[in-house]
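Enquirer: Position chain B against the provided structure of chain A, taking the given hints into account.
Chains as they are written, first to last, in the UniProt record's numbering: chain A, 1 to 361; chain B, 1 to 327.
Hints were generated in silico from the structure; no laboratory data involved.
Each hint should be verified, as a subset may be incorrect.
Said to hold, decoys possible - Derived Cβ-Cβ restraints for the label pairs, each shown as a range:
#1 B/I159 with A/E323: 17 to 25 Å
#2 B/A122 with A/T349: 23 to 31 Å
#3 A/N69 with B/P266: 46 to 54 Å
#4 B/D141 with A/G140: 34 to 42 Å
#5 B/S153 with A/G180: 20 to 28 Å
#6 A/G25 with B/V167: 50 to 58 Å
Stated by the list, open to error - Which residues of chain B face chain A? A partial, calculated answer using Cβ under 10 Å:
#7 V23
#8 S24
#9 G33
#10 F34
#11 A143
#12 A150
#13 Y151
#14 Y228
#15 R231
#16 A233
#17 A237
Using N, Cα and C, we set each Cβ at its ideal position, and we do this for glycine too.
The chain contents come next:
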Amino acid sequence: MTTRTPWRPTALLAGLVLLTAACGGTTKSDVAQQSSASATAAASSAPAADPNAPLKQGLKIAFLPKQVNNPYFTIADNGGIEAAKEFGGEGKEVGPSDASASSQVSYINTLMQQKQDAIVISANDPNAVVPALKQAMAAGVKVVSYDSDTAPEGRDVFVNQASPEDLGRTEVQLLAEQIGHKGKIAVLSATPNATNQNTWIDFMKDELKKPEYKDMELVKVAYGNDDDQKSFTETQGLLRSYPDLAGIISPTTVGIAAAARYLSDSPSKGKVKLTGLGTPNQLRKFVKDGTIEAFELWNPADLGYLASYAAAALASGQITGAEGEKFKAGKLGEYTIGAKGEVLLGKPTVFNKDNIDKFDF
Amino acid sequence: MAADLARTARRWEGLILVLLVGVSVWASLGVDGFANGSNVSFLLLDTTEIALMALTMTLVIVAAEIDLSVASTLGLSCAVLGGLWNAGLPIEAIMPICLLVGALCGAFNGLLVTRLGLPSLAVTIGTFALFRGLAYVMLGDQAVADLPPAYTSLATASIGPIPLASVLVAVLAVVAATLLHATGLGRSIVALGSNEEAAYFAGVRVKRIKFWLFVASGVMASLASLVYTFRYASARADNGVGLELAVVAAVLLGGVSIFGGRGTLPGVLMAVLLLGVVRNALILADVANEVLNFVTGLLLVASVLAPNLGAVWRRRTSPQVEGKSVS
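The shape of chain B in the complex, shown without the other chains:
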């Protein structure tokens, strides 16, 4: 059974890779302005915040939890940045404070989930509203834009076509992938995601791991908020509204099971890129925004449906197995 799932997963990631290469080749040949350095740079830059948050979201979802408050944490962190900047603090001091705010947001989620045993879906829907609300309380309708040019230009700077922000993503991706796929902790995360009770009795410190996953998710959201704020040179309470769905979407499209216990980081990163490439190419090809949303939605529905359809199909074609399970 496990081997079967692993095979499905590999097949799915293979498919995403084929799609990614296919769409990129199609866009390079058929869409004017796609295959040049500055466009590739924009495209990569546009995916940075989603990619950052998707790294930790992958871990959280593999552990059979979810964090829907990431974009609100990002917003709160932006608001804190804007507020403290207006108060005259140096930006170098504000940035670690922002990361701390993210950590606290994550710890709050983590405590509610692990201490009170509440489902993370419910908890983070609550904190989704709570953190965003807090962001508005902090900064109101202000937009703080007079940020230091040294940092705003750093956020959009690139080495050749590769933005610095993407280098940051790549480094953190390697860290996250190593953690998930090559350490005991990673195996524990997968184990507790596929069967929490069994993992607990096997000695996995379920609650502790979950708590720190939420903290990591919060820190990553505030790191994304720094990239976002400097990139757009605008700190506002409504920064990143709706990004949580883009993040979850990319993670699911990347082949991570929404039920936990299965998924790989390379798959998720390819999915982030695929969504970015599709979006960029369709906009360049003057495809209307509605169609764009429709195409993205279609990809996502397919990503959730495909593994399950496969399972149904296998059951249909091997009736003796079905007979056994019924009797």
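Chain A on its own, in the form it takes in the complex:
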């Protein structure tokens, strides 16, 4: 009854396709040409910064994390809100409960409506948020990205945790020490599109090319989507697929906690080494029970704190985001903006059973 007719519209569509293809149209290479042309044209008129301008009072700064109710972002954003109190501003955290690419966009739009002075964002997708951020910037809102960058045209300044290179390489070094530079290793990441995770993983792969790691092999990059359950089952899957796995690097706080929980109850506890990025409060018990030897992180509260000061400096006209500009960030001291508008927080801290009790976050 239905088989005869479907082909007619199908053929029509196929005809249309051929027609448009034959007439030519916009292709990837056309767009690449255009954008490189416009980039060279735009690189001039930047407003001057006044390094001596005082921080404005009553600045409204909104923190838009990848997702709310994620302990890492709660700490970071509270650090930022704390900073805002110090300079007489007003900070708040808003955001989606899922870490999907597009859900941040409606928040950006509403923050613009609320006439916030600055948005501090950790991007779920470096590009999907850019059109909305550009609109906000055109309306006078300053944009600082932290933790996970947007495409550069979508923000004024990027506050980076530590250099991605340091983080990626030190995680491999940390794990190599624990497994004696030998054996199969895997990575348990967040989402496949997370900018920061992927940059770190690239540096991990690069580090592994060095001769001292010739007996180590990265067998798989698994994705837990920053979801506790998924990360848990992915860990389980890794151990099943590679019974001789020597170690796992999980460069995400959600992933490492889930992996630690799985390992601590499994016969592989202490045998399969686990390291990566986590918070001391989250992993204290696993360090004490021997599931984890050592892991690392920057101080997320400091990250939010620094991003907050950067936002205030932008909104007060102290800086514009150009390389070489300096601003003061309260208790953290003075920072200088590097290439491409990046500010580095500093080197990561390694936590183990000897020092973990000194940290509470």
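Expert: Coordinates of chain B only, in the frame set by chain A:
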């Protein structure tokens, strides 16, 4: 009985309209930044993909079927777009191919439902995973973002506060509403939704209609994928994850019976707007995301409960009817 149902339906849509107007007035007066052109424009733009897919979902659910694979079809279509764009094809050729992909996805669902007689719930839960999986196979974890500015700006452009994408929705809504409410085909869809066997014996070509409804649903999902991809300037395999639930939710809130045979498109469009307005206003009012999800959930539970509660209440208050049906 039918007249009774029709009255309940009208009453429900009246209620949605009152809620929509009420919430909008409340938000305009009480929420800073709600009642201005650019916010209205955002709000409308944010509902476009859901609205597009809800149009065909309404028809499908009125026909007593469901298509849970729409958001996955959207994702697959985005992945195809991204893949072909990377391969250097012109975007004008890619767009019809995307629509074709949507049509094929819909045809696959339709064939499984009509030829093998499988329940659409089961079929589309399967293809929900299948199409999304295929999307990841096609594009992996890539995000294709270097799309032509002419199209990305078209997707966010607006005439006054009315986005172009909403004009597209409005035009298609008129088409869909005319089809459902003013044509023989529409009457057939309602008839087969309320009693498939009776409709079949009355000469309604049940299988053919169902097949094409699924195809339409697939095409609409890929049309939504084009809007989505250009709007966010990002083609990814995980685009639109979870949207199918938002679509079904809007359709049910709009007064369409999950059992088929009842529902109107104006009701569904008002529900799409209501959910959009509530979401936008609550975010503007700095209400936490959890509360927002709770409020949306509450609206939906109410929308499913209310008609049935009404029926129970009527039965309770007219015991002689209950007595009759028991004996």
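Enquirer: Confirm or reject each hint.
Expert: Each hint, compared with the structure:
1. B/I159 with A/E323: 17 to 25 Å: violated (41 Å)
2. B/A122 with A/T349: 23 to 31 Å: violated (52 Å)
3. A/N69 with B/P266: 46 to 54 Å: For B/P266 against A/N69, whose Cβ atoms are near 37 Å apart, the range 46 to 54 Å is violated.
4. B/D141 with A/G140: 34 to 42 Å: Since B/D141 and A/G140 have Cβ atoms about 35 Å apart, the given range 34 to 42 Å holds.
5. B/S153 with A/G180: 20 to 28 Å: violated (56 Å)
6. A/G25 with B/V167: 50 to 58 Å: violated (23 Å)
7. V23: Violated: closest Cβ of chain A sits about 16 Å from B/V23, beyond 10 Å.
8. S24: Interface hint status for B/S24: violated (15 Å vs cutoff 10 Å).
9. G33: holds (3 Å)
10. F34: It holds, given that the least Cβ distance between B/F34 and chain A is near 8 Å, below 10 Å.
11. A143: holds (5 Å)
12. A150: Holds, about 7 Å.
13. Y151: For B/Y151, the interface hint holds, since the closest Cβ of chain A sits about 8 Å away, which is under 10 Å.
14. Y228: holds (8 Å)
15. R231: Because about 8 Å separates B/R231 from the closest Cβ in chain A, which is inside the 10 Å limit, the hint holds.
16. A233: Hint holds; B/A233 Cβ to chain A Cβ min 6 Å, cut 10 Å.
17. A237: Hint on B/A237: holds, closest Cβ of chain A at ~8 Å, below 10 Å.
Violated hints for the displayed structure, listed by number in ascending order: 1, 2, 3, 5, 6, 7 and 8.
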